[in-house]
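Note that the numbering used here gives residue 15 to position 14 of the sequence shown, counting from 1, and the numbers run on in steps of one.
Accuracy of the hints is not assured; some may be wrong.
Unchecked claim - Derived BS3-like pairs: lysine-lysine, alpha-carbon spacing no greater than 27 Å straight-line: (1) K151 x K33; (2) K42 x K88; (3) K33 x K92; (4) K151 x K106; (5) K88 x K33; (6) K88 x K106; (7) K42 x K56; (8) K88 x K56; (9) K56 x K92; (10) K42 x K106; (11) K56 x K106; (12) K3 x K33; (13) K92 x K151; (14) K92 x K106; (15) K106 x K33; (16) K151 x K42; (17) K88 x K151; (18) K3 x K88.
If you are wondering where the hints come from, they were derived from the structure by calculation, not from laboratory data.
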Amino acid sequence: MKADFQQGNESFERFSSPEPLWQGDYERLEIKYIPTNYTGKIETNLSLQYCDQEKQIDSFNFNVTENTTINSTVDSRTVSSNHESSKIEIKGDTLIPQEEPSYWKTSSAQIINGTAEIEYDAPIFDRQEEITYTVIEDGEIIGSTTVGFKPEPTLKEKIIDKKLEVLTGLLTASILFNILLVLKQKGILARLQSLEYQLPDFKKQD
2 MKADFQQGNE SFERFSSPEP LWQGDYERLE IKYIPTNYTG KIETNLSLQY CDQEKQIDSF
62 NFNVTENTTI NSTVDSRTVS SNHESSKIEI KGDTLIPQEE PSYWKTSSAQ IINGTAEIEY
122 DAPIFDRQEE ITYTVIEDGE IIGSTTVGFK PEPTLKEKII DKKLEVLTGL LTASILFNIL
182 LVLKQKGILA RLQSLEYQLP DFKKQD
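Make a model of the complete structure from these sequences and hints.
What follows is the structure in structure tokens.
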């Protein structure tokens, strides 16, 4: 299901999670939308998308009387991702799309035990893109989070990588020190050898 929201001079598209249905089946669909930095009337059109077709099913409007601003951010970590969905770690209860790449279809996601699986329909999937979500916890907005599509290491993995980096640095320094020591020893040996040929001849001359 698709919803078009006309918010002043701006328009936004939001989608429910895609659900495959056979003829005669039914499913409850939800679209979550939070208007930000705006008060006033919002025109809304609902439509169904199926088999490459779109059919309008309802239209209505509602008034936003309280201006909502989101000034804080919530940390999140991408665990895995592909061209259809991503698994992320984050606190809270619900993720609601705020900003997404052009032509991507995104939907809200539930956070269960600190993990959420976000879904999207991306005509051209690019791991350089990002989606920004509003984070809801206990019915309240606690901030926004920006989700990337490149898996990120855990804190433990970061610490291990840092230790390996330090050990590599120490090993490199040790190798360089040993090389310099060998070169220095070779230099001293060369000087001693040259002195042997410069010693005076104390043999008795006739």
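- prompt: Of the hints stated earlier, which fail here?
  reply: 2, 8, 9 and 16
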